Structure formats: structure tokens, C-alpha cells
Amino acid sequence: MKSIRTYLLLALIAIITLVTFLSLLQGYQASIAKAQQLFDDRLQSMAAMISNANQDLHPHNAGTEKLSSTVFFQILADDFSLLARSNNATTPLLSVDNDPVISGFKDINFSGYRWRVYILKDDILNRWIITGERSDIRYILAENVVTESIIPIVLAIPIAAFIIWIAIGVGLKPLRELTGQLRNKQADDLSPVLMNNTPEELTTLVATTNALLQRLNDAFVREQQFAADAAHELRTPISILKVQLHNLQNNEHISEAALLPLASGIERMGLVIEQILSLYRHSPEQALVKQSDIDLSAIVQSIIAKDYDQIATKQQKISLSGGEKCLVAGNQFALETLVQNLISNASKYTPNQGEIQVTSKHITSGIRLIIEDSGPGIPKEAYERVFERFYRVDGDRHDSGILGCGLGLAIVKHIVNLHRAKITLNHSTQLGGLKVVIDFPKNSMR
Amino acid sequence: MQVLLIEDDIALAEALMQSLKYEGFAVNHLTQGKQAITSIKTELPDIVILDLGLPDIDGTEVLKLIRQESADLPVLVLTARITLEDKVNGLDLGADDYLAKPFEVAELMARLRVFERRASSSKHSGLSIGNVRIDSASHQVSVTGENIDLSRREFMLLKALMENAGRVQTRYSLESKLYSWGEEVASNTIEVHIHHLRKKLPDNFIQTIRGIGYIVQSA
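Chains R and Z supply the protein sequences, listed in that same order. The numbering of the first sequence is numbering that gives the first Met the number 0, which starts it at 0 and goes up by one. The numbering of the second sequence is numbering that gives the first Met the number 0, which starts it at 0 and goes up by one.
You may find that some hints are simply not true.
Here's a subset of chain R near chain Z, in silico, CB distances under 10 Å, partners left out [unchecked claim]:
hint : residue
1    : 232
2    : 236
3    : 239
4    : 304
5    : 305
6    : 307
7    : 310
8    : 319
9    : 359
Hints in this document: simulated from the structure, not taken from any laboratory. Note that the structure is a prediction, hence the values are computed from the model and not measured. Positions of the beta carbon are idealized from the N, C-alpha and C atoms, including for glycine.
Next comes chain R alone, as it looks inside the complex (with noise of 0.2 Å):
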């Protein structure tokens, strides 16, 4: 079934043209006895009437009376020669070769049409008087008749259907509604549908639908609850490993190489850390309460100062383009974690001595913001799926021992997401790499 809207008309409609038929045809043929009873009725008061007015008739003065060409009546005596006629029958329609005549009435054919005739037998003056009238007539009469009152129920129908329609509508206007709400609903949006006057039907369907998102919610918070909390208390913990490693180092009796491993485990621990609670911070309900004019370009600035240690460890040339103010609507904090991401990324996968490019600048559109690279690049078939969660490009056997744990661009995804940006990876022409551009829109967020 399609629709219930469609499905209700249809067969209402269906069922109310077949009862309407049912009772027209029945009416029909009622309606048409009746009028066929009303016709005779009327023949045979026309041949008494006729047998009065013309009591004074002899055979010889046999005289012609105009009439229409639909009736016709004729006055016989009693050997069958006319006494009277209609001037459109001419011959005596009654003869001695005939059955034996009675009074009544009879189809018969004459002069080219069918008609129906009532004879009767005046015994007092001995003669007979015949009335006709063109059977077809009578039915093209007698149906005009019927036809008149059946058509306005005939019409009657689409203006039905059309009240139908409306009635359906309105009564399957709060499953709409419900609809309506449901759909519009952002995917994260995990509050109650709220309905004034739910109907009857729709209760438990709206509770049920209510608890159930209610119950998603809860999980969702719990889920980001246990994350962000369990991530917390592992911030002191891996401190305290972090110093206690870099004390190791500064032993001379223990070897650089045997603290490598150890080193790049910590490393690991500390940016899946990092990395979680960054994911789960920038929930869209936060994001949304602490947004305001950002200058991308000086958030841009800062955190390439900030993360310049990384850079010059790997002699890497870093520039910013463009670089006048780029105002964002966003969350401040969001829009750091996004830069951050990509640039970290971007000096991470580009060899020592490679060149990382930054743009911000305006478009018609909005700000864009470019980040280039000449590093490896991503193959373009990874393009999707570089946003999901813990993917890396070639999975483990990533090449040359890059830290990372697959959570970065999935939280820039998310940032973009939620700032109704546009970010699209490409290859680099000017310098070989990975290019990442980012299309914020003029009023992003609001």
C-alpha cells in the first residue's frame, strides 16, 4: 500500500459508485414501469375521452382530426370501417382476418414504428376506439425522465471523492505531524516527540517511539560519560609514565634503543587518549551553546606556533597563505582541535624536509581553508574512507611507524559536520602531496 491516504479514497470511492450504481439501476427500472404505468394511464383516459366527444360519428361522414405525428387515434364501427381518424393513420389498424379482437392493450407495428396502442369496445354505440403512441417515445419520454433525477447523484461523486479527500487529510493529519517531526529530527537529535492532542491510535506508538529514544539518549550519554571520564583519569597515569621515560633517557647506563619501544607505546597511549575525548567533547548540543566569531587565519597561526617543535624536528618548511581575517561562526575550541588535526597529519605523513602549504581565505561562498603537503598522499579510493573511526590507510602495515590511531580525520569529519562545512580531499599539484580543503559556508552553524 502506497499511501492510506490514497488506499481510503480509492476504496470508498469504489464502494460508494457500486452501492450508488445498485440503487440507480434498481431506481431505473421502477422509474421506468412507473412512467410506462402513467403512459398507459393517459392512452387509455385519451380513448374514453375520445368515445365521448364523438358520440354523434357515422361511417359515412368519416372525418380526419391533425395530430402530432407521435400519437394517433382512430374510431372503428363495428365492421371494422373508420369512422374517425388522426390524419397520420390512414388504414383501419383493426380487420376481420384478425385475431379475435378484445379491449385492451397491445404492441403492434405500423406505418414503420413501433406502438403501443389501447383498444376499446364502446358497446353501446357498437364501435371501436383506438389510441396510440410511438413506443420509442414513450422510452425516450420516460427516460429523460429518469436520466434527469439520476444525473445529479452521477455528479454527485467527484464533489464525494473530493470532500473524501479532504476528510482523509484532515484525520491522518496527526500521523503526518508525526512524520513531519521524525523527519526533520537530525540524526543526533535524541529529544522526545512532542504532540498536542495525540489521537487514540497514535499513543503508544508516540510513547513507544519516546522511550525508545529516550533510551538511545541515556545510552549515548553514558557511552560518552564512561569515554571522556575514562580517558580523564588516564591523563595523570600517562604523565607520570611520560616523565618517568624522559628520566630513563637521561640515564647513561640505559640505551636510547631499549627505551624506543617504550617511548612510542606511551607516545601511542597518550594520542588515543587525546584523540577520544577530543571525539566525544565536541558533542553538537556544546558545540552549538559556545559559538562565536572566529578568526580561522589567527587560530591557524597559533597552533602552527604552538606545534612547532614537531616541524623543526623534521626541518619541514610550513607557510600560511592569504592569512587576512577569516571569520567563522563555530566553537573556538572545535575549530583548534580541527587545524590542529590536519597540520599534526600533515607534518606526521610528509617526510623531513618536506613542505607543508596553509590557505585561509574568502570565497563567494564562505572561507576556505587549504592544507597541502609533499608527502605520500592518500590513494584516491581511501578518499571515504579515511573519515571512519580507527582507519588507517594500509591498516596496520602503515608504512615507517607513524603514530596514529585513526581517530583524527574522523574528528575532523565531525567538527566539519557540525560547522556545515564541506571538506574535500585531493592530490596536491603544487606539491605532490595530500590537499585537504575545507569550504565553511557564510553563516555556518546558525
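Once you've looked at the hints, dock chain Z against the given chain R.
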């Protein structure tokens, strides 16, 4: 340099003390905020490293009390709270710097060295990097022993870069150090000052990171 470490996590504190001692700092360690206040009142340390999550009173309270005691005692806040609000709040309350856990020890040391240089350039009026020496008391700058003339702005710019040696200074942060709020700053002012400074300093002493800012490498 006398460092007061206020940190309630014993394991972290012990590890940190070892690192700090290795770097040549003298370290005292306290686990509670109230003790720390008393200690600062009796003897002023050179630098305070403060963890915000303390068992007795909140770290921000301690920070406020420290500021009442001494306006220019450098305080580096160490914390697991790293939202922007926490950061802004901490700096507003008078922290000189802010480091989120888990941190790199190298980063911590670099920041402590900035404090150290700042202290030395104001107290002992001397700070040298390579063959450039800056004397904040007499506003003298010398390159391989020969004095050079700098305008007031150029001097402040060089001082900011040298005190923060090894860390990139963005154009914006330099502007805010040179000019007070509301003062009109042309977009290329810093570039012009740097251009003049470079002529008087050894080649490559101030490096440009295009679009971002400038850096003086620590020796």
C-alpha cells in the same frame, strides 16, 4: 632556580622532581594547597608549578592567594582540565602559562626556561643567545660585544623573541606585547620592525615562518 611543585599525585611529583633536578632546578614539593600558601608566605620561590586538582582547596583558589602574595611570581599551571574555558579562566586568574596533562617534559622545561630568561633579563638584566646579548636594565643590546642602537619598539620586539627563544611568536602575540589595546597598528608594522632589526643582528638570528610569525632559536 628554586621551583615549588604543588602536585597531589605522589608518583608524578617524584618523577617530575627527578627531571627538574636533572635540569638543574632546586625543587620543593607539597601536596596540599594550604601548605603551599603558607610556604610561599614564608619563603618566595622563583617559580611555582601548580596542579589544579588538589585535595584540600581548588587550584584556582591557590592561584588567587599566590597572586595576593606576589604579583610577579611566575606560575605554571599543570592540569588535566583542558577545555578552553579552563585555560582562559586559569590565565585570567594570573597563571603565566598553562600546560595540559599529559605533557612532554621537554615542553615543560622549555616553558620553565622562558620564565628563567624573563626573570634573569629583568633581575640580573642580562640574557644572551648566541653572540647577541640583551640587557633589559640599561636597554642595551650588543652583538659580539659591540653595542647596537635599537628603537624602543625594536628592543621590546627582540626581548619578546629572545625571552621566548625556541617558540614561535605569532604576529598577533607580538603586536599585543608591543602595543596596548586600542592603539592603531598597521598590518605590516611588525614586518617593518623585524626588517630593521635584522639589519642590525647576525644573519638568520630571527627566522620567519611565512604567514605565521617569527622565531629566535634557543642556543
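Here is what the structure says about each hint:
The beta carbon of residue 232(R) is positioned within 10 Å of a beta carbon in chain Z (closest approach about 8 Å), and the interface hint is therefore held. Contact between residue 236(R) and chain Z, as hinted, is supported at the beta carbon level, the nearest pair being about 8 Å apart and thus within 10 Å. Hint on residue 239(R) holds. Least Cβ distance to chain Z is approximately 5 Å, under the 10 Å limit. About 4 Å separates the beta-carbon of residue 304(R) from the nearest beta-carbon of chain Z, less than 10 Å, and the hint is met.
With 10 Å as the threshold, the beta carbon of residue 305(R) comes within range of chain Z, its nearest partner Cβ sitting at about 8 Å, so the hint holds. Residue-level restraint check for residue 307(R) holds (minimum Cβ-Cβ distance to chain Z is 4 Å; threshold 10 Å). Below 10 Å, beta-carbon pairs count as interface contacts, and residue 310(R) has one with chain Z at about 9 Å; its hint therefore holds. At a threshold of 10 Å, the smallest CB-CB gap from residue 319(R) to chain Z is about 3 Å, leaving the interface hint in force.
Annotation: interface hint on residue 359(R) holds; nearest CB of chain Z at approximately 9 Å, less than 10 Å.
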